[in-house]
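Chains as they are written, first to last, in our numbering: chain A, 1 to 177; chain B, 1 to 545.
These are calculated hints, taken from the structure and not from any lab test. Just to be clear, a hint being listed does not mean it is correct.
[Unchecked claim] If you only want the chain B side, here are some residues facing chain A, beta carbon under 8 Å, derived:
1. PRO111
2. SER142
3. TYR220
4. ARG223
5. TRP225
6. LEU227
We put the beta carbon where it would ideally sit given N, CA and C, even for glycine.
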Amino acid sequence: MKPSDPGITWIDEKPLGLAERLYLPLFIQGLATTGRHLVSKKNTVSFPEQRPTIGNPLIYRGVHRLNRDENDRVKCVACFLCATACPAHCIDIVATESPWEDREKYPESFQIDELRCIFCGMCEEACPVDAIELTSLLDLTGKSREEMVFDKEKLLSVYDMTKDAEPMKSADLGGTL
Amino acid sequence: MPTVLVDGQEIEIDADERLNCIEVARRAGVEIPHYCWHPGLSVVASCRMCLIQAGTRNAETGDVSMVPKLVPGCQTPVKDGTVIVTNSEVVRESRARIEEALLIDHPIDCPICDKAGECLLQDYHFEHGQSERRADIHPFSSRRRDVGPTVTLFVDRCIMCTRCVRFTREVSGTAELMVSARGAKEEIDTFPGFPLDNKLSGNVVDLCPVGALGDKDFLYQQRVWFLKKTENVCGGCATGCSIVTEHNQDTVYRLKPRENPHINKWWMCDEGRYGWHHLHDATRIVEVSHRNHAHWNTVEWTSALGQLSKDLNDAGRLGVAVSPMLTIEEAWMLCAVARSIDPDAYLAMGHVPSTGHDESFPGGFTIRGEKSPNRIGIEMILSMFGALTENSTVPEWEEFLEQIRTETVQSAWITAGYPTPETSWCDEESAAIFDNMNCLVVQDLFRSPLSKRATWCLPAAGFAERNGTWVNCGHRAQTFEQAIRPPAGVWPEGRVFWSLLGRQGLYDPESIRETIAKNSVGFAALSGDMPSLGVDLRLQQVTGT
Chain A
1 MKPSDPGITW IDEKPLGLAE RLYLPLFIQG LATTGRHLVS KKNTVSFPEQ RPTIGNPLIY
61 RGVHRLNRDE NDRVKCVACF LCATACPAHC IDIVATESPW EDREKYPESF QIDELRCIFC
121 GMCEEACPVD AIELTSLLDL TGKSREEMVF DKEKLLSVYD MTKDAEPMKS ADLGGTL
Chain B
1 MPTVLVDGQE IEIDADERLN CIEVARRAGV EIPHYCWHPG LSVVASCRMC LIQAGTRNAE
61 TGDVSMVPKL VPGCQTPVKD GTVIVTNSEV VRESRARIEE ALLIDHPIDC PICDKAGECL
121 LQDYHFEHGQ SERRADIHPF SSRRRDVGPT VTLFVDRCIM CTRCVRFTRE VSGTAELMVS
181 ARGAKEEIDT FPGFPLDNKL SGNVVDLCPV GALGDKDFLY QQRVWFLKKT ENVCGGCATG
241 CSIVTEHNQD TVYRLKPREN PHINKWWMCD EGRYGWHHLH DATRIVEVSH RNHAHWNTVE
301 WTSALGQLSK DLNDAGRLGV AVSPMLTIEE AWMLCAVARS IDPDAYLAMG HVPSTGHDES
361 FPGGFTIRGE KSPNRIGIEM ILSMFGALTE NSTVPEWEEF LEQIRTETVQ SAWITAGYPT
421 PETSWCDEES AAIFDNMNCL VVQDLFRSPL SKRATWCLPA AGFAERNGTW VNCGHRAQTF
481 EQAIRPPAGV WPEGRVFWSL LGRQGLYDPE SIRETIAKNS VGFAALSGDM PSLGVDLRLQ
541 QVTGT
């Protein structure tokens, strides 16, 4: 768009009034804002000594977990829909025939590169069996890149760690496959 | 010329063409959905998905009289004046009802079904079905049984189109599959003690419009939407089936036949279908190695090529065995390289693996006993270079060995590339003939008794890793593209010969093909763009002269 475009309306800056030209009233106004914030309620926390409160864990998008079914087996059926939906290509699955009678296919390995992940939550939305979920764990640290690639066991352990605080988001829908 | 009316469009067909409504509609750009009909199989009209309205137009009065009920498009031949309606409300309603009926029994386990993404039931439901399910039953069962060594059957996914049953009866001629029980209890099954075990069995998986028949080799390996497809030619035998190589991230996952009426129709054999595993074999040769007495050194390609041609220059008369696994472009360059090193170089055909007998099937498919894709092409290239014996045939591998034995050649370049990691193509006995060579270059996929004796051992590329042209046993030349990159350290033969010829830039098979076409009457048809179905070199010679 050029400056001469008819779609642009040009507005002149308002001329300074007396208060603005005197400087001092605006100076006091600014100081008053600072003072008000000094005494008002704080929105920040001193992380990591203090933990932030998560508003709604149901919609918070933190570290992933892999849910377990009622027999404590991994719920995932290795359909690759999360890997397909993932815009960051951070999910790597190796599927194979399941060792169980009632299940056909399961993930032999399931890896999420948490460093590559952008925590968009598309995997959770794509999952047809509600096996992958994002928890409200938000501080994700590690000492090496390898450590940040979460494998199946680690993702299941995240479930074990968080299942009491955060029950499965749609447990009643579970076990469709 | 007979004229058929498809949804108001006039389509002209040849007077001697025998088409059904599906085929003629396809020419009008109208897709009539169908499950049980396949152009390569007999017509049963059992799925009822292709129901359409048909009628005839009176040539004199122009009045159209329609058949009062819907007719199956696959079973209705068209003739002059046939009128087909595929987009009326009645037809659309019928398709939706058929889809609904099929889905009542179908376990909708698409997430774990290997066919998802290329499933006709999914596609047609999306296009013709209804968005909501009226039945309140949710069948899910994963009853599965093996029907043979390569194929597994997910019983409840089947929609009973019987394509697989007809295939085993009409094309493979083995009739292992059957329909057991009747009505709602119908199932595909095998006779006890007679599993689906024939050399074309993999085709039933391609034929299956849903995910009922699964290929055990591909089962759960990859979702189909990740696969990239490259048009290739099978290198398993002299038939040279047109195939599609499906791969992802330089790994081949499966091969599928590509429709080619001149060669393989819609089929391919299991040997070819599963004959890609050698590409990813861990024992492949992946580096250039040079032998100094008993000591092997790994050498970089760039320095190796200069040193290698110097070695050959100093080693006396050169003999070159041109492998029938090479493309004609590669073979031409190899011969040109050989003649530039030694103008008197002895050129011969490489080893042609063979089982000795062809196998034919009732459906018109033949598996050749000759297990190399390009013998005829290599013969033509060798005769272009004047490499002929006194009875004007191309010298064979046995004659080449004889030359080595009588020491009329002192150095040799053997190209191989045979896809047999388990059994070596060259035994100790014939390899021992090469013991006293001044310089021996062996270019192969796998180590063999021969490569142990080599001065230079070069890696070769597999069929999906090269591009060029092969000429099959019926003199049909097919050009194909490279599907995957070879393993690190491997240069495809084309690239090696290209740099030995001192050409600049990347290997360009098209320019070589153009040169070959210009210099040989037999190859004249290869000039310009190649059709994906290939060209018949003999036919082009007849019409060209």
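Hints violated by the structure (numbers, ascending) = Result: hint 6 breaks, nothing else.
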